[in-house]
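Starting from the structure of chain A, add chain B where the hints point.
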Amino acid sequence: MIFLVLGPILVGLFFYICHCKFLMKATLILEAVLIGIALNFLMSSAESSVQLLSGIAFPMGMKLRVDTLSATMLVLNNFLFGFMILFNMHKSYMNKLFIFLFLGLQGLINGVFLSTDFFNVYILIEVATVVVSILIMYKKDSQSMYDGMIYLMVNMIAMTFFLLGIGYLYKYTGALDFDNVAVSVETITSKKNLIMPFALMITGISLKAALLPLFSWLPKAHGTASAPSIVSGVLSGIFVKIGIYLFIRVYFIFGNIFILSNFFVGIGFLTAIAGFMFALAQTDIKLILAYHSISQIGLMMIGLSSAQTASYYGGLYHIVAHGIFKTLLFLIAGLLIETYHTRDIRKMNDLFRRSKFLSVILIIAVLSITGAPFFSGAYSKYYIMKGFSGIGFELLFILINMGTMMSFIKFWHVLFKDDQPFFAPMPSPIGKKILPYNSVIALSLMALSCILLGVAGDYMFKLLTTFDAHYGFLSQLVKWPKYLLTYAGSYLAYQAFVKKNPFFATVKKMELSFNQITLAILSFFIVTTLYLHFITA
Amino acid sequence: MTFEKLLDLINGENVSLALFMIGIYALASRRNIVKTIIALSIIQAAIILFFLSINNSEGRVPPIGHQLSVPVADPIPQALMITAIVVGISVTAVSLTMFISLYHKYGSTNWNKVKNKRGGLR
Numbered sequence: 006m007i008f009l010v011l012g013p014i015l016v017g018l019f020f021y022i023c024h025c026k027f028l029m030k031a032t033l034i035l036e037a038v039l040i041g042i043a044l045n046f047l048m049s050s051a052e053s054s055v056q057l058l059s060g061i062a063f064p065m066g067m068k069l070r071v072d073t074l075s076a077t078m079l080v081l082n083n084f085l086f087g088f089m090i091l092f093n094m095h096k097s098y099m100n101k102l103f104i105f106l107f108l109g110l111q112g113l114i115n116g117v118f119l120s121t122d123f124f125n126v127y128i129l130i131e132v133a134t135v136v137v138s139i140l141i142m143y144k145k146d147s148q149s150m151y152d153g154m155i156y157l158m159v160n161m162i163a164m165t166f167f168l169l170g171i172g173y174l175y176k177y178t179g180a181l182d183f184d185n186v187a188v189s190v191e192t193i194t195s196k197k198n199l200i201m202p203f204a205l206m207i208t209g210i211s212l213k214a215a216l217l218p219l220f221s222w223l224p225k226a227h228g229t230a231s232a233p234s235i236v237s238g239v240l241s242g243i244f245v246k247i248g249i250y251l252f253i254r255v256y257f258i259f260g261n262i263f264i265l266s267n268f269f270v271g272i273g274f275l276t277a278i279a280g281f282m283f284a285l286a287q288t289d290i291k292l293i294l295a296y297h298s299i300s301q302i303g304l305m306m307i308g309l310s311s312a313q314t315a316s317y318y319g320g321l322y323h324i325v326a327h328g329i330f331k332t333l334l335f336l337i338a339g340l341l342i343e344t345y346h347t348r349d350i351r352k353m354n355d356l357f358r359r360s361k362f363l364s365v366i367l368i369i370a371v372l373s374i375t376g377a378p379f380f381s382g383a384y385s386k387y388y389i390m391k392g393f394s395g396i397g398f399e400l401l402f403i404l405i406n407m408g409t410m411m412s413f414i415k416f417w418h419v420l421f422k423d424d425q426p427f428f429a430p431m432p433s434p435i436g437k438k439i440l441p442y443n444s445v446i447a448l449s450l451m452a453l454s455c456i457l458l459g460v461a462g463d464y465m466f467k468l469l470t471t472f473d474a475h476y477g478f479l480s481q482l483v484k485w486p487k488y489l490l491t492y493a494g495s496y497l498a499y500q501a502f503v504k505k506n507p508f509f510a511t512v513k514k515m516e517l518s519f520n521q522i523t524l525a526i527l528s529f530f531i532v533t534t535l536y537l538h539f540i541t542a
Numbered sequence: 006m007t008f009e010k011l012l013d014l015i016n017g018e019n020v021s022l023a024l025f026m027i028g029i030y031a032l033a034s035r036r037n038i039v040k041t042i043i044a045l046s047i048i049q050a051a052i053i054l055f056f057l058s059i060n061n062s063e064g065r066v067p068p069i070g071h072q073l074s075v076p077v078a079d080p081i082p083q084a085l086m087i088t089a090i091v092v093g094i095s096v097t098a099v100s101l102t103m104f105i106s107l108y109h110k111y112g113s114t115n116w117n118k119v120k121n122k123r124g125g126l127r
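Residue numbers (this note's numbering), protein chains in the order written: chain A, 6 to 542; chain B, 6 to 127.
Just chain A, same shape as in the assembly (with noise of 0.2 Å):
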């Protein structure tokens, strides 16, 4: 278990050290073990296994532990990080340095999910956080230090607050991990103590996982000009996540005490419905992506924070497939920019002539994401879905999907979409240099797991949840219509109100200033604080 936070930091670092030729087969080579021990720990039966850290039994010592959530955790992240390496093995890029601070990161990252304590987990994403920015001013243009310095103040100040709420934790409860301190929570007879660390906690949390007011460091990050692609979609895919997973944690020990489930899921709504706002009014390829993460981080709070079970595992199960799909549309956006050589969607035409396969794959992420029958998004937004009925609800998720789907057409002008004139010649096709045979395995192999989440949905819920779900094939096919119907009103929507619309021109240049993000930060936690006193009153 311990081999998952050592081994790549300790194989990275080892590179770094020496020059080997085989650096990047070797490096392959332990993603392929990697992967193969996180779905050890997914298929083994045992409820959850523990691995002390010192000798001393556990009141006293650290441990590790793997259950079902960090076991689905474990494996989208080593999934993803294997196939970003795969990916671009042969960037030139990818130098001694960023493989180590490439394996650093997925070694933190599995930290996080593997320990059972607060403090661990504070210090790992501290270091995650430093790593990170680093990562993202990795080519140093101008544009990504200030992206590179934001992103590392901001999330600097969610941790500090996330610190003072551990703090307050241990005054009152006397323990640090998650089931001593789950136990001691119970037992505390004034629910008003809690209010101080569960508000600060959970401030910290929010602004890891990008929910309302907090999400305006996100764009920045994720879809900064100058990080590689890889990183991009690593942020996006599962860095993110750690936020979410953490929310989780810290819901679940809360959750007897503060019923908050209507809350979180209007800030789900709020948070998914700006986000696909946003979304609709950007033109740069990859900012579209960075706001949409924002939109789908909604769709799984709501189904995360909700009462009902199934709509819980459906957001569980969102988590992962959000993960591969992002990071695919990721990695897309940077073949398309790099075969373009501009950001601007709008400038980007004709993929379908000049690449089947890359068109093909970019088909199946957008499919995925829309929430097509058969794809992977359409399974977990069902089960999303299924625990909230009311025609109120049912409305707010069309409208939901129907953004979703707005903002992706842009996407299918990039394929059909031909600005030439009839009888121009054949535009070139995409080469071997920008797209080579492990690029090609990698892609395929990703856009293959979208579909068998989708359409093996039944087995692979009950994989990485234990949720028995039941969502056959013959009920997906007959949602087909239902989809095709949405998507020619969402495009007849984008036709009459989104396009040539002023309003999202202003949206466009929306964009809060550092002392902006530090007030929002301290009204959510003020907001948070004054709820919470209103309901355990």
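None of these hints come from the bench; they were simulated from the model. Since the structure is predicted, the reported quantities are computational estimates derived from the model, not experimental observations. No incorrect hints appear here.
Listed next, the in silico DSSO-like pairs over lysine-lysine satisfying Cα-Cα at most 27 Å (straight line):
id, chain 1, residue 1, chain 2, residue 2
1, A, Lys176, B, Lys10
2, B, Lys122, A, Lys514
3, B, Lys120, A, Lys145
4, B, Lys122, A, Lys352
5, A, Lys145, A, Lys352
6, A, Lys197, A, Lys176
7, B, Lys118, A, Lys145
8, B, Lys118, A, Lys514
9, A, Lys487, A, Lys504
10, A, Lys144, B, Lys110
11, B, Lys120, A, Lys513
12, A, Lys144, B, Lys120
13, B, Lys110, B, Lys120
14, A, Lys145, B, Lys110
15, A, Lys361, A, Lys415
16, B, Lys40, A, Lys145
17, A, Lys514, B, Lys110
Here is chain B on its own, set in the frame of chain A:
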């Protein structure tokens, strides 16, 4: 309220909360990047003070030796804070290094000017 009671209010916990709020105020109101980094250091100091003063009362002794008859101070927060100090210092060092190269690029220490020079999200 007597003067002694007022003096009792000045304990580690309250002082650390006041420092925390001062740090947040500086973050929210100052535009200078160096001052932002300083404010983060203030917050870190506040948190260290907070951890050291929770669960502590008068008359506690250090947990050293075999025959301890009086109650001892809680050693866990102190062990945690050693780690937090190390992490805090390295974070400050990293952000200062980043600031130097940012200053070379933009030639300004003001968040808003830097943001304008970056030229928005394109």
